[in-house]
Amino acid sequence: MKKVLHTKERIIFTTVEIINELGIQGLSTREIAKGLNISEGTIFKHFNTKNEILLAVLDHYSQFDEDIIKTTELKNLNPKEAILYFVNAYAEYYENYQEITAITLCIEVFYNIEELSKKIYDIFTTRINFIEKKIHTGVEMNLIKEVEGIDNLAEIIHGTIIYKIIKWRINKFNFSIKEEVNNSIQSVLNNYFKS
1 MKKVLHTKER IIFTTVEIIN ELGIQGLSTR EIAKGLNISE GTIFKHFNTK
51 NEILLAVLDH YSQFDEDIIK TTELKNLNPK EAILYFVNAY AEYYENYQEI
101 TAITLCIEVF YNIEELSKKI YDIFTTRINF IEKKIHTGVE MNLIKEVEGI
151 DNLAEIIHGT IIYKIIKWRI NKFNFSIKEE VNNSIQSVLN NYFKS
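Each residue of the sequence shown is one higher than the one before, counting from 1 in full-length UniProt numbering.
By construction, these hints were calculated from the structure, which means they are not laboratory data. For every residue, glycine included, the Cβ atom is placed at its ideal position computed from N, Cα and C. Any given hint could turn out to be false.
What follows is a list of derived Cβ distance ranges for each label pair [stated by the list, open to error]:
hint : residue 1 : residue 2 : range
1    : K172      : V109      : 18 to 24 Å
2    : K133      : I107      : 45 to 51 Å
3    : K194      : N37       : 21 to 27 Å
4    : N191      : I113      : 23 to 29 Å
5    : N171      : D59       : 26 to 32 Å
Could you put the whole structure together from the sequences, leaning on the hints where they help?
Following this line, the structure appears as structure tokens:
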């Protein structure tokens, strides 16, 4: 049983590596099998379809979402600190696992695949809803300035993270994404949160 789990995990990791190296258009079960030095038949012992593999990759991509959210609650952070902790946790994960950022850039493609669209929607809404919840808490606690555009703040934060991922990948990971994300999000939050 342990070997089966190990092979499944290897398939998931190899799929992420292939998407990172060749893009989603370069992904095939043949390419996965080649990367693992196994037969395609071995892959299909663990996954029925390529989309099932991609669903497992999305589970892998979002595996820390719940833990990160729970940790912000356990730490009893104020809304600004919670948002910073949240985005920095992802930035640190990405910095330590650069290949996984390729999945972020495939979200639109995955969303258009029927078997994957619900999972993509759930990942996206979980992350945005967390940020929106913290912003609304900040408003209720009178920690956020009365400014125009507050309703778009969660989207600005999320969009900034995606932009930083694109910039990081284009620049061949030659800077610290954690520092870039932290500095940018800190700057955005400073414009909205009271000192």
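Here is how each hint holds up against the structure:
1. Range check, K172 to V109: about 22 Å between beta-carbon atoms, so the 18 to 24 Å window is met.
2. Distance hint check for K133 and I107: the Cβ-Cβ separation is about 21 Å, which falls outside the suggested range of 45 to 51 Å.
3. Taking 21 to 27 Å as the suggested C-beta distance range, the pair K194 and N37 does not conform, at roughly 58 Å.
4. For N191 and I113, the hinted distance range of 23 to 29 Å is not satisfied, since their beta carbons lie about 37 Å from each other.
5. Checked against the hint of 26 to 32 Å, the C-beta distance between N171 and D59 comes to roughly 29 Å, which is consistent with it.
Checked against the numbered hints listed earlier, the structure breaks hints 2, 3, 4; every other hint is satisfied.
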